[in-house]
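K.L.:
The lines below spell out each chain.
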Amino acid sequence: MILKTMETIDRDKPKKLYVQVFEILKARIESNEWPVGTQIPVEEELCKIYAVSKATIRLAVLELVRQGYLIRRQGRGTFVCERLASKGPAMSASFKAIMPENEPGLATRIMAQTVMMPVDDVGAKLNIPDDKHLIYIKRLSVRENEPVMIQESFLPHSLCPQLLRDEITKTSLLDLLEDKYELPITRIAENFDVTELSSEESKQLGLPAGAAALLLEQHFFSNDRQIMYVRSVIKPGGIRFSIEFNKNS
Amino acid sequence: MSAIKTIKDVMVDVFDFPHLPYWFTLRQAMGIVQKSLLAGERCLYPLAILVFDEKYNLLGTLGLRDIMKGLEPAFLKSTTSAQVPDDESGEELALIWEAVFSGGSNDKADTQVGEAMVPARYFAQTDDPITKAAHLLTRHNLILLPVLDSNKKLVGVVREIEIFNELANSVLQA
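So the protein sequences, as listed, match chains U and V.
Using the numbering used here, read the first sequence as starting at 9 and increasing by one per residue.
Using the numbering used here, read the second sequence as starting at 982 and increasing by one per residue.
Isolated chain U (complex conformation) (with noise of 0.2 angstroms):
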């Protein structure tokens, strides 16, 4: 792939590498340089073109596919995608609409509540260092007791170690957050995709292995900072998502 602009990192900005390349990419894409359906380059090529690390470009292509600019195809590389973000409008909906554990008739079992480090790509999805501890927690949400979705939620230890130890099946994680944590939620990006569930995924949602399923990532934040990532796999059928939008005034 031949790159028509050539932007440089400077490293002695203040600003985060992996931010630079972010813009750089960015950049790329909204100036219609890379259209949509343009794979990107590899990895090991960006690294090479910005001479940078490989954790940098990754970091960098998580927040583009999480803003909704690339899309990861398995086996195949990552590509530019439409942004469905609308550029019309501004709307909002109250968090609790879109948390699907809200939904009315669903029970919650905690399959866990316990400490783990970033493992796979949970560091870069949470944009935490890999050496921090993570409160993990895992539940089941279950209808009339067939299981409908798996939801997994990170959070650093650091921000709310308490939690480890708060009652959660009926309360809800970001009442928790926000009034006893106080910590505000004021925004949510959220990404819908189709997944293959795993074996054990399977199992717990009662479907055989390799089965597809509804992904719903959700990345929390308190003012600029992240304090949450929530991955959901829902049971196809098991929810169905009612949000309403209002015009902001």
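Treat the hints with caution; some may be incorrect.
Claimed, not checked - Chain V regions said to be covered by chain U (calculated; three or more residues, Cβ under 8 angstroms): (1) 990-1004; (2) 1007-1019; (3) 1031-1044.
Just so you know, these hints were derived from the structure itself, not from any lab.
Ideal placement from N, C-alpha and C gives every residue a C-beta, glycine not left out.
Dock chain V against chain U, hints included.
P.N.:
Chain V alone, transformed into the frame defined by chain U:
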């Protein structure tokens, strides 16, 4: 010996050590060792991961040697019920050694850490004397000794290095 120090005087914070639930894999544990223990500026001793259950109860410790043992194929595990050759460096095993940490280890890397860890069976209490910790560490060949408070809550870990230092001080000053 001056006033005997207790465990709480020498224990270190559990959050000095990486944590992992038991169902994660050796592959993921190796990634954590590299990122949390080897890549950092501080040198942590011993290099170990604390393994927990779903409710944050300590189940055991996972040291580098435990991970390497977990990667070994089953036929190399020690056995007490069969005859084994004393000298394992013979030429007849040369081909086996080449394969031990390659293809087979990739499969073994998916083993859960709960299967490779050393289970936590011995504990100290915050008010126990450090001599008790010295005894438990040496008697059971442990790399870490978990410390519980009066409510049986995990509050820290004792390492060989602090215990040794205290014992050395008391012996050398005697």
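K.L.:
Each hint should be assessed against the structure and marked as holding or not.
P.N.:
Status of the hints after comparison with the structure:
Only when three residues or more bring their CB closer than 8 angstroms to a CB of chain U does the claim for the region 990-1004 of chain V stand; here the count is 5, and the claim holds. Requiring three or more residues with a Cβ within less than 8 angstroms of a Cβ of chain U, the coverage given for the region 1007-1019 of chain V holds, as 5 such residues are present. Restraint check on the region 1031-1044 of chain V versus chain U: 5 residues with Cβ-Cβ distances below 8 angstroms, three needed, restraint holds.
When each numbered hint is compared with the structure, no violation occurs for any of them.
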